[in-house]
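Since the structure of chain B is provided, determine the placement of chains Y and C on it from the hints.
Chains as they are written, first to last, in this note's numbering: chain B, 1 to 439; chain Y, 1 to 294; chain C, 1 to 298.
Some clues are possibly wrong.
[What the hints assert, rightly or not] Here are the simulated DMTMM-like cross-link-like pairs (lysine to aspartate or glutamate), alpha carbons at most 20 Å apart as the crow flies:
| id | chain 1 | residue 1 | chain 2 | residue 2 |
| --- | --- | --- | --- | --- |
| 1 | Y | Lys125 | C | Glu60 |
| 2 | Y | Lys125 | B | Asp269 |
| 3 | Y | Lys57 | B | Asp437 |
| 4 | Y | Lys57 | B | Asp435 |
| 5 | B | Lys364 | B | Asp354 |
Calculated from the structure, these hints are not laboratory results.
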Amino acid sequence: MAGQVRRGRSRTAPLVAALGVSALALTACGGGDSETSGGAAGGAGSFDFLVNTENATVPAMLETLSQAECKTADDAAPLKIETVPQKQLDQKLQLLAGQNALPEQFAAGSSPALTKQLAENGHVVDFEKALTDLGKLDKVQPAAIATIESLYGGFNALPYEYNVEGIWYNKKIFADNGIAVPTTWDELVAASEKLQAAGVQPFAASGEQGWPITRMISGYLFRSLGPDAMDEVAAGEAKLTDPEYVAAAQAVADLGAKGWFGQGVGSIDYDTAMAQFLGGETGMMYMGSWALGNFTDPEQNQIGVENVGFMPFPAVAGGKGSIDQLPSNVGLPMTMSEKAYDENAGAWLGCIADNYGSALLEEKQSISGFVADSDAPVDDLTKMVQDKIASTDETVLWFEAHFPTKATDTSQTNAAPLVSGTLSAQEFMELVQTDLDAR
Amino acid sequence: MNDILGDRKAIAVLLGPALLVYSVAMLLPVLWSLGYTLFSGNAIIGFTYVGADNFVKLANDPAVRQALWFTVKYAAVVTVGQILLGYLLALLYVFVLKNGSSVIRTLVFFPVVLPTVAVALLFQKMFQIAPQEGLVNSLLGAVGIGAVDWFGTAGTSFAVIVLMDLWRSMGFYAVLLYTGLLDIPEELLEAGRLDGATGLTLIWRIVLPLSLPVLLSSLIFSINGTLKVFDTIVALTGGGPGNATTPLTLYMYQTSFNYGEYGYGSTIALLLTVLCLLVTVFVFRSSRRDLTEA
Amino acid sequence: MSAVLAPERSVRPVPPPAPVRRSRGFLRRLPVRALIAVILVIEVYPLVWLLLSSFKTRREFVEEPFWSLPSSLAWGNYAEAWTTGNIGLYLRNSVLAVAPSLALIIVLGVAAGFALEVLVWKGRGTVLLIFLAGIMVPGQMILLPLFSAYFQLGLTGSLWPLIITYTATGLPLTVFMMATYFRAIPREVFEAAAIDGATVLRAFVSIGFPMVRNAVFTVALVQFFFIWNDLLIALTFTNSTELRTVQVGLLNFNGQFGATDYGPLFAAICMNVFGLLAIYLVLNKRIMAGLAGGAVKG
Numbered sequence: 001m002a003g004q005v006r007r008g009r010s011r012t013a014p015l016v017a018a019l020g021v022s023a024l025a026l027t028a029c030g031g032g033d034s035e036t037s038g039g040a041a042g043g044a045g046s047f048d049f050l051v052n053t054e055n056a057t058v059p060a061m062l063e064t065l066s067q068a069e070c071k072t073a074d075d076a077a078p079l080k081i082e083t084v085p086q087k088q089l090d091q092k093l094q095l096l097a098g099q100n101a102l103p104e105q106f107a108a109g110s111s112p113a114l115t116k117q118l119a120e121n122g123h124v125v126d127f128e129k130a131l132t133d134l135g136k137l138d139k140v141q142p143a144a145i146a147t148i149e150s151l152y153g154g155f156n157a158l159p160y161e162y163n164v165e166g167i168w169y170n171k172k173i174f175a176d177n178g179i180a181v182p183t184t185w186d187e188l189v190a191a192s193e194k195l196q197a198a199g200v201q202p203f204a205a206s207g208e209q210g211w212p213i214t215r216m217i218s219g220y221l222f223r224s225l226g227p228d229a230m231d232e233v234a235a236g237e238a239k240l241t242d243p244e245y246v247a248a249a250q251a252v253a254d255l256g257a258k259g260w261f262g263q264g265v266g267s268i269d270y271d272t273a274m275a276q277f278l279g280g281e282t283g284m285m286y287m288g289s290w291a292l293g294n295f296t297d298p299e300q301n302q303i304g305v306e307n308v309g310f311m312p313f314p315a316v317a318g319g320k321g322s323i324d325q326l327p328s329n330v331g332l333p334m335t336m337s338e339k340a341y342d343e344n345a346g347a348w349l350g351c352i353a354d355n356y357g358s359a360l361l362e363e364k365q366s367i368s369g370f371v372a373d374s375d376a377p378v379d380d381l382t383k384m385v386q387d388k389i390a391s392t393d394e395t396v397l398w399f400e401a402h403f404p405t406k407a408t409d410t411s412q413t414n415a416a417p418l419v420s421g422t423l424s425a426q427e428f429m430e431l432v433q434t435d436l437d438a439r
Numbered sequence: 001m002n003d004i005l006g007d008r009k010a011i012a013v014l015l016g017p018a019l020l021v022y023s024v025a026m027l028l029p030v031l032w033s034l035g036y037t038l039f040s041g042n043a044i045i046g047f048t049y050v051g052a053d054n055f056v057k058l059a060n061d062p063a064v065r066q067a068l069w070f071t072v073k074y075a076a077v078v079t080v081g082q083i084l085l086g087y088l089l090a091l092l093y094v095f096v097l098k099n100g101s102s103v104i105r106t107l108v109f110f111p112v113v114l115p116t117v118a119v120a121l122l123f124q125k126m127f128q129i130a131p132q133e134g135l136v137n138s139l140l141g142a143v144g145i146g147a148v149d150w151f152g153t154a155g156t157s158f159a160v161i162v163l164m165d166l167w168r169s170m171g172f173y174a175v176l177l178y179t180g181l182l183d184i185p186e187e188l189l190e191a192g193r194l195d196g197a198t199g200l201t202l203i204w205r206i207v208l209p210l211s212l213p214v215l216l217s218s219l220i221f222s223i224n225g226t227l228k229v230f231d232t233i234v235a236l237t238g239g240g241p242g243n244a245t246t247p248l249t250l251y252m253y254q255t256s257f258n259y260g261e262y263g264y265g266s267t268i269a270l271l272l273t274v275l276c277l278l279v280t281v282f283v284f285r286s287s288r289r290d291l292t293e294a
Numbered sequence: 001m002s003a004v005l006a007p008e009r010s011v012r013p014v015p016p017p018a019p020v021r022r023s024r025g026f027l028r029r030l031p032v033r034a035l036i037a038v039i040l041v042i043e044v045y046p047l048v049w050l051l052l053s054s055f056k057t058r059r060e061f062v063e064e065p066f067w068s069l070p071s072s073l074a075w076g077n078y079a080e081a082w083t084t085g086n087i088g089l090y091l092r093n094s095v096l097a098v099a100p101s102l103a104l105i106i107v108l109g110v111a112a113g114f115a116l117e118v119l120v121w122k123g124r125g126t127v128l129l130i131f132l133a134g135i136m137v138p139g140q141m142i143l144l145p146l147f148s149a150y151f152q153l154g155l156t157g158s159l160w161p162l163i164i165t166y167t168a169t170g171l172p173l174t175v176f177m178m179a180t181y182f183r184a185i186p187r188e189v190f191e192a193a194a195i196d197g198a199t200v201l202r203a204f205v206s207i208g209f210p211m212v213r214n215a216v217f218t219v220a221l222v223q224f225f226f227i228w229n230d231l232l233i234a235l236t237f238t239n240s241t242e243l244r245t246v247q248v249g250l251l252n253f254n255g256q257f258g259a260t261d262y263g264p265l266f267a268a269i270c271m272n273v274f275g276l277l278a279i280y281l282v283l284n285k286r287i288m289a290g291l292a293g294g295a296v297k298g
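The shape of chain B in the complex, shown without the other chains (with noise of 0.2 Å):
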């Protein structure tokens, strides 16, 4: 037997050896960093895009665009475009960028927190210097730059949405209710009373979501604590805790105990919220502007776009903040890639800069970031966004905008427990504080 085990060891030695090589090559070539491979980045010679596979928007306009005004910037290097659904945006990014792969243009997270962090390494195009050295800054709207560099703390993403958000209104109910736009926050409850006592739902909000709650609570906060109230507790200036912070979300849990939004409004989902309204079953609903789509969509839209009606966040009595600051977002930030930037890249920036809010005014009716040069008839809502965009000299953000993910994910998935009674205000705030201070 011993003689055997001997002549045996002999034989698998090379075998043994062999693993134990391609298991040290392996670790190797996958260690750390990477630097060398980065010119793996992206594709050669295409124009890649990983977009969230939720955003059907950009990627159809980017492909019509790459037939007609970017055909050029197309054949030097054509648009290709791979999709991944949000949930897993941030690994697949996470994994992208620590091999210095990320493509020339992608979605660039689900929170603020890691487009900041993308762009602190380096991995992100500054379009403040890339569009000025193409020429064509003033092609973007400044009030889209403003907000761009409020959440990222520079010029890290492209305003492929513009967006602007509020209470949308059913106008033939709150007519027939004989109910007045509210323009402060007592009004509003008195509205609500009015529309739950006529046997109308008064809110349609996607618990599931949770966001469509959760700004309300910014909203309350921006009227009651001024614009500043949200950039105060990113700065450990003023914690979520404070009584006048608790305030806010207690007004929203009271909505929320009255059954204002409806019963099980945590597996109420977005399209299902949406359809509430556009069904004429509730009397409001907190969106922004991007749902103009759905808005003006006659399948969709079962009350008559001519029946939507907007009202700006209302005041709340004492408080600092003005009825005219509106909230404002670009939408999940879409951004390019520093390592990936090229002539090829920046003849695409440039074509997109130069074409993309025209061409999105006219075939969607919905309203970028760039400047649009169009005169194109749009219908009286999309109009009636557009000149509230232009005539608002002051924006503010929303609640979970300038928190990490984690507090940013505990904000979202206890906004349905608050408003159904299982969390209370103070309970609520405590737990997204939690999370903020544990950065």
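Coordinates of chains Y and C only, in the frame set by chain B:
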């Protein structure tokens, strides 16, 4: 004799490829990730050595305690349910339906084939309360109990998750256990019948002890699956309401990739691995005792 | 589909039915029949619902009651699923990734199980434990290191990362289960073969493998559904639309801000399920023939 059954070359040929693939593509990455438990950061901002910080954080993180408790609770309930229902179905196939069981077997097995996304949607709609009441709430309404917001509280969400997993997997375990029951020699059953054992006594005294080995492997299989549950929960509740139904795997995934703390995520994974190890060892130990008794 | 789920009990005497009077027999059977009826409703109704949902429009899905029927048998959802969902391509990818992985898992796993349980050598207990440890590690842990490795080796952009990862993650359970099955076979069988002068490899191919045929089948079934339904690994390692598997493809129906195209999604799911059935029907005969060939039960 053992010279031949101990042939080194044969061992290398038979075991080598499996060991190679397993070591390179699984063992090595796992050790690699475990190395990160001593680091903070992620692939974007780079890693910094922090010593035992992650372990201190693990010990003091209420979210970990919550996720650990949920994982254990979920694994216990679902594993017991899967094995119990699977075994009852297998008994039904073998002793009641006999050879006519193939259609039922297939139908009960079928849900395993369905994509998780589909099953989750199905259960969401079945238990929904708004905008339309789902099937379950309509039935509750019909008998006068009234609708329940199933996904609104921790307890009811947990119940729906358990129901969904059992619905999905009981047919699968039934088939696994069924093959085991088939291998029980007919002579032993016959001998039991001659001794006057019928029905439940027969099952209790003869069938159950004889199917202990297959029950044991199903148990280990099941518990290692349920402790690592991920897909079903992501698809059904996403861990909510709040984080009430977040298991360790999901918390680990979020921490590593969404919150950008890869090192801490690896530490949570280590905790889960240790948990699986302890449970498996425990099952093995207690089963040895049972087997010798039987 | 049924026959293959588990081999029928091989020919063996059916116990003689107990002599009972007919009326009592019916009453005695009533609870069993009721039970079976309940089981059938629980299992079948949801499947019918899935099928019906694939014909509903988005509005019908969101606003009509759960049990309502679609207003028309619109095939538009299927057309959209086929184009948007690209189900044909994804089915092909799934098959191309799953079939080789499954073959590798079985061949490597059974051989390793044999080497660890039947063959005699020092350290086999340790190696078996190392494999067992693999069952307990959460799969999320290997994603980042493997992604780096595949990327550096230039494997991203092919289905190889999926095949390798599936094989590696499938092996521990397979090895462990096969070792258990081999333990049940009396050692004398192999020792007799050794005396007859068969080499170990021969003993494995012509005696060991056929003896565990049924067990191999069960393990293959288990692994098939694990791999086929995998989402996490496929999502992490596929980097282009051309490489997507069916499960990843199903996520295409998520719209912006959490909206979902339910009709096409369910149509795609139905096609996925029926695609699976088709694959099964093609393979069915071969599998059954293979099973019948193995006279010895494992």
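Verification of the hints:
With a CA separation close to 13 Å, the supplied pair Lys125(Y) and Glu60(C) stays within the 20 Å bound. Using a Cα cut-off of 20 Å, the hinted pair Lys125(Y) and Asp269(B) holds, with the two alpha carbons roughly 12 Å apart. Annotation: proposed proximity of Lys57(Y) to Asp437(B) holds, straight-line Cα distance about 14 Å (limit 20 Å). A C-alpha spacing of about 13 Å is found between Lys57(Y) and Asp435(B), which places the hinted pair at or below 20 Å, so the restraint holds.
Between the alpha carbons of Lys364(B) and Asp354(B) the distance comes to roughly 17 Å, so the proposed pair stays at or under 20 Å and holds.
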